[in-house]
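There are 4 protein chains.
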Amino acid sequence: MSNASISTIYSRRESQARSYCRAFPVSFVRAQNATLHDSNGRDYTDFLAGCSSLNYGHNDPDMKAALIAHIAADGITHGLDMHTDAKAAFLEAFERLILTPRGMDHKFMFTGPTGTNAVEAAMKLARKTTGRDTIIAFTNGFHGMTLGALAATGNAGKRAGAGTALAGVVRMPYEGAMPGVDSLAMIRAMLENPSSGIDAPAAFLIEPVQGEGGLNAASAEFLKGLQALAKEHGALVIMDDIQAGIGRTGPFFSFEGMGLMPDLIPLAKSLSGMGLPMAGLLIRPDLDIWKPAEHNGTFRGNNHAFITARVALEKFWANPAFQRETEEKAAYLHDRLSAMAAHIPGATLKGRGMMQGLDVGCGDKAAAICAESFKRGLIIETSGAHDEVVKVLAPLTIPQAQFASGLDTLEAAILAQTHQSIAAE
Amino acid sequence: MSNASISTIYSRRESQARSYCRAFPVSFVRAQNATLHDSNGRDYTDFLAGCSSLNYGHNDPDMKAALIAHIAADGITHGLDMHTDAKAAFLEAFERLILTPRGMDHKFMFTGPTGTNAVEAAMKLARKTTGRDTIIAFTNGFHGMTLGALAATGNAGKRAGAGTALAGVVRMPYEGAMPGVDSLAMIRAMLENPSSGIDAPAAFLIEPVQGEGGLNAASAEFLKGLQALAKEHGALVIMDDIQAGIGRTGPFFSFEGMGLMPDLIPLAKSLSGMGLPMAGLLIRPDLDIWKPAEHNGTFRGNNHAFITARVALEKFWANPAFQRETEEKAAYLHDRLSAMAAHIPGATLKGRGMMQGLDVGCGDKAAAICAESFKRGLIIETSGAHDEVVKVLAPLTIPQAQFASGLDTLEAAILAQTHQSIAAE
Amino acid sequence: MSNASISTIYSRRESQARSYCRAFPVSFVRAQNATLHDSNGRDYTDFLAGCSSLNYGHNDPDMKAALIAHIAADGITHGLDMHTDAKAAFLEAFERLILTPRGMDHKFMFTGPTGTNAVEAAMKLARKTTGRDTIIAFTNGFHGMTLGALAATGNAGKRAGAGTALAGVVRMPYEGAMPGVDSLAMIRAMLENPSSGIDAPAAFLIEPVQGEGGLNAASAEFLKGLQALAKEHGALVIMDDIQAGIGRTGPFFSFEGMGLMPDLIPLAKSLSGMGLPMAGLLIRPDLDIWKPAEHNGTFRGNNHAFITARVALEKFWANPAFQRETEEKAAYLHDRLSAMAAHIPGATLKGRGMMQGLDVGCGDKAAAICAESFKRGLIIETSGAHDEVVKVLAPLTIPQAQFASGLDTLEAAILAQTHQSIAAE
Amino acid sequence: MSNASISTIYSRRESQARSYCRAFPVSFVRAQNATLHDSNGRDYTDFLAGCSSLNYGHNDPDMKAALIAHIAADGITHGLDMHTDAKAAFLEAFERLILTPRGMDHKFMFTGPTGTNAVEAAMKLARKTTGRDTIIAFTNGFHGMTLGALAATGNAGKRAGAGTALAGVVRMPYEGAMPGVDSLAMIRAMLENPSSGIDAPAAFLIEPVQGEGGLNAASAEFLKGLQALAKEHGALVIMDDIQAGIGRTGPFFSFEGMGLMPDLIPLAKSLSGMGLPMAGLLIRPDLDIWKPAEHNGTFRGNNHAFITARVALEKFWANPAFQRETEEKAAYLHDRLSAMAAHIPGATLKGRGMMQGLDVGCGDKAAAICAESFKRGLIIETSGAHDEVVKVLAPLTIPQAQFASGLDTLEAAILAQTHQSIAAE
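Residue numbers (the working numbering), protein chains in the order written: chain A, 1388 to 1812; chain B, 1388 to 1812; chain C, 1388 to 1812; chain D, 1388 to 1812.
No wet-lab data here; the hints were simulated from the structure. One should not assume that every hint holds.
For identical chains, the list gives no copy identity; a pair is met inside one copy or between any two copies.
In silico BS3-like cross-links for lysine-lysine, where the CA-CA straight-line distance does not exceed 27 Å [said to hold, decoys possible]:
hint	residue 1	residue 2
1	Lys1678	Lys1762
2	Lys1451	Lys1716
3	Lys1762	Lys1716
4	Lys1702	Lys1716
5	Lys1678	Lys1515
6	Lys1702	Lys1451
Let's have the full structure, built from the sequences with the hints guiding it.
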């Protein structure tokens, strides 16, 4: 398919809401692990990874094989929330490989297969179980596009899409968001002041690392303080691990090793392993007061995703090797980005694990770097309130050589872009 | 897998929100067209069809083949909203086979792959383009579980799940919902009275046939009247064809042949053809004022679904045979249900096309009929405000013999249940 | 003061929100009973009576005398909600002359001295005691301008003033508002249908006669049916008697003799007797769950109003004569308006008691009649969704001769206006 | 009236919402300037002054005389918003003595005669003129009890009265409210971060001194910074001067001399001079986009209040003597409170002008001091989030000797209470 034909059909019939395709105006036809191929036969290294939906890369061969076998055998595709062998096998693997080893007695709720749906389910349950309305969310938080989750999302452009009031959410500064402000101390003071006007919250809704918000990573101290504060005030903690979870920062949950036990944990993105739509909500068992079908959804039984999700768990989480490799790559990434930061005046490192990036100070510069990278065969995107962070979200499974090469490309793009700016001055 | 093992894992780890599995306590392992197989080797005829997500039956061989080929070739699985050959091919087929022949110049918006997401996108857009807040929805309407769509959903049990105010929606009686009330005349009077307290609406949100609400089918006259009223008052019509569309009533859209041209049409359920998560919103082109990414979603580029959706369009909608067969089956269904109605005092027929059912007067009776059917190998469910309607949602592709046999089973269950009740009195 | 000076100061410094002064562009300086005097020495008969705030006419001599004595003796003017002899005397008189004879055990809550404040207090209490959010209000209802009460007010112009969402109120047709619709039956059907989308209400909020909404008078049957329905569904009845109460329709409460016992009754307007700001909420005692100061207001202890309110009770409600006289005047008014209706094609009588009027079919005609009346020395205004009702709200104490003469003026204005229209055609 | 009879009628018939009367369980019968007399012939010095509604004391002789003359002459009592000589004279005096000398071109809107109504009108107008929804209010703010204003009020007890969601208001820390937080810098950072989740505000709603919130006084620097920030972001400043205005801090407006020119200024409490219900909203003229009657209210034309309000302006604001005397008293008050603070470990001075008090660290201690004062003939109350501030709100007109004596009583009560506590330990 030529680029000409691309533009015709999309401009003719696809809504203006489309976005990534504008930055990468080619048509992709195949992909394996960290490599994408376009219709003109060109290859790209993928440092976007479906916004962290492809932590195990594109089309993992074991997941492919299992999925093809399932389809070929007429395995259940769409199962509503009926029992199927694929679902049971996923649940058993999730219990055995994830929950039990981490001492978690949470229930798994199959929500509609999108992150926003899992977040909405969590917000509902927090409100139902506490009888309170207010959810405290954080600056630069991103939680979804449906009305409930959108109220908790910070981005002004997204919020403007609502066309109606976004209610029930109070905003507090994320750790470090406001220079000089100790967020936790301020939240505590607000909650302890009966005239603060901040009503007793049903829950705190927070991302351990803010993916869209600019790769801001909360400290263990902050998150533990928040958990303690929640407990004191009868509120829950909803830990939105949709983007940072499923190994992105190293361990399965991004908050592991911090002494935390969140009440509600929405998961999505890489949960299915292969990028298939799947989401879930982990629920502290005593909070699981749902009545049957009180929250449901047509596609909550996407059995293809259960197949690949189970394979992913068995392949990557049965022993500690995968987490260790991710941590090694993360350390390498940190070193490389540190070196690149030195090329850009004022640039700073953001994030942790395999979700790190460079805050280059402004959105135009970040966009130019990404555009330059794309010209050189690297797919990479920005994040942050001003799109000022160049964000590396490579598959965790990327071969080391390709990873290094992709970072070389990024560095070259940065240098090219920097020289260009200097020349332009 | 034995039933014992089923109960263990689900009761141990799945949320109480699960529902259908309670009515059908077996584990399904395979399915073809209208037949499901459980882990004990028993077969079932499927009159539920994924709540109309499986209009073309389970695991259509052509869709399977295309999907397996795509996967085997490392075709794109997760594509965000980037251009892919699978997406372009779907869009082109949708234009060629659906939009152009029907004179529709709508744009296609890939929302997150759930019906509720498509509805929320429609509500947002209606509010944004009109600058108004109020959406008028109807009694017994069902539009989704996320906060915006839930506000438009009538079911009290679902609404109670929100735990917070459901705002921005005004409720009017669906055609025929209130005996003696001419709904359209009343809505008109409300809108023409500047002191009615009903603010000028952004849109009417309506299902041509209410699937969950009890198989209530609006007349062409009512829907045309509503469309005219909307135009007069500067409001849009959002025609939620998620359950009734994609051939369920015969034509691709359930409102075809009524002289209607809705402004916004959310689609989901059977859109992907094979039951894979996919949703879309058709948008009258001048209303497509989205900014890039103003509404987005991680799984809006589920390319597996694009593959099967394209095959479905090409296989079933390239010529009128499929629609004609559906209409013939619908006529047969009507005859059979009419005969069954005679067995139940006060029972009435509901719905149209291949979404018809029997209002048996109360939920207990309907539940007993469904339970009896399940014992006899038929999967069928209820709908309606009191779950009082036994609802036949067979795959449109069900072989005539199996359809007849399934209806025989239903009739036998009705007779058995009726005799049992009589015996019990 | 000349008309020139009037226009200067008001146009220079008063907000555009002013309204009645535009229809009556003179400056009033004195008033007794039903007569107003302007600065040019002209007299007017008052058929507006402060929108029913002056049921006992302007400056009743006994109230005046008591108030002057109170002021001269340095009686408490502003008392917050502290005990004062004036407050105790009012409360005792209200108990003795109003509550006890009617078998009412209600508590009296001194809200801020405006009707909207009393309505807001009622809405709060209904929500608090039931734990429900929804208030069902009616088409053409008018309950106040602050955000809570405004949500219950039907008038689009007033609602547009809010600039934000008006939430928590569901609208139903007032008795007879929608031709062919049995409102009570429809409300019942809505509440009995668990999928209607109408959440279980905290309360019904209704005016027995809609003053601003066009003098629509609900029947005893309707109001009793509503009360019964409320009881069945665990909802309260808030009977807003602000405009129709305090004798306006004959008895002290406009709903007397209908077999009703409302849970919450907001009162204001003529409560103070002399037009001084005062409002109150009558509360069924078991609903009086307020914590001290949970709802308060700086001017809830307007002791001047307590003085005149007590005098009004003692003077007019100690024996049945006053009510009887009002009923006689109302009958006379009915006869006169019936005769006038005959002059205007299509005109109909509206209202009951001393709040009756003529629906002349359109706002322009009604405005012309009022303007013509004003030229002839009669102050009278319109009401209704289209301002189509010429509304007679004379003081109940108006001398019969002046009442007759005022109605002569109105009739003459109607005839003049009618001839003028005919001539113009 | 004996105390026995007091308790009978109130407990029998008055709502539990009553509050001040619980702290001062006597019945007041007369009052002059700063002295109240009860039914047992006992005198009290008034350090509460109707919560700042009686800045000119009780029953000022000149206001009394003018009001009696007006009533005796049958002057208009209730005038809706029609022109009357009393209204014109008030407006002219307000223009001549208040607006013109201060270079203010504001319009005066006669809202319903309560502070909450003036605040609601301001909130509406801010939303209407900006097309935005969010009002930013502050911790410990108090703005009224009706739904719109209540959303902006911080007090949890008051908020709980609503029984429904309080929407449309975002809360920020008042200057100095959160130790270590530079509120202005934080608000700026929030508004400049497009992903903060704080939508562009319609207005800031702030009290220059927080009366109910604990006598927190904002600095000129803070308020000017806020005004500048508002201008930058297209937001208005609503300066709620209901409690701090009308001379309470010295000048007519509490924010005079700070280089401020608020867009909207709600006034109430002492506006009428004598404690009669009256409120108003000052509106920057280009913002006065109200349509006639878009916001109205039955008692917005309380002509008795116009009479006394005009006398108050002419008597106290025609020359600078009154302001100077207030400032001298404020300085004396400051000295006396400073001395008293020394008796109480950890006590601090709060407020400015004639609204100063002592933060004694906890509500119980403050309540004990007030109770002890009352025993000794002094009426005084607490404020603050924990009722921890003993608040001196004497009439500005209190004779110096009585002021000194009242403060002696307070000091004695503090000492008695302190010794008692020590003895109890």
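Each hint tested on the structure:
1. Lys1678 / Lys1762: Cα proximity of Lys1678 and Lys1762: across copies only (25 Å, versus 53 Å in one copy).
2. Lys1451 / Lys1716: Answer is within; shortest intra-copy Cα gap is 25 Å, inter-copy 38 Å.
3. Lys1762 / Lys1716: within (25 Å within a copy, 55 Å between copies)
4. Lys1702 / Lys1716: within (19 Å within a copy, 47 Å between copies)
5. Lys1678 / Lys1515: both (11 Å within a copy, 25 Å between copies)
6. Lys1702 / Lys1451: Answer is both; intra-copy 13 Å and inter-copy 26 Å each pass.
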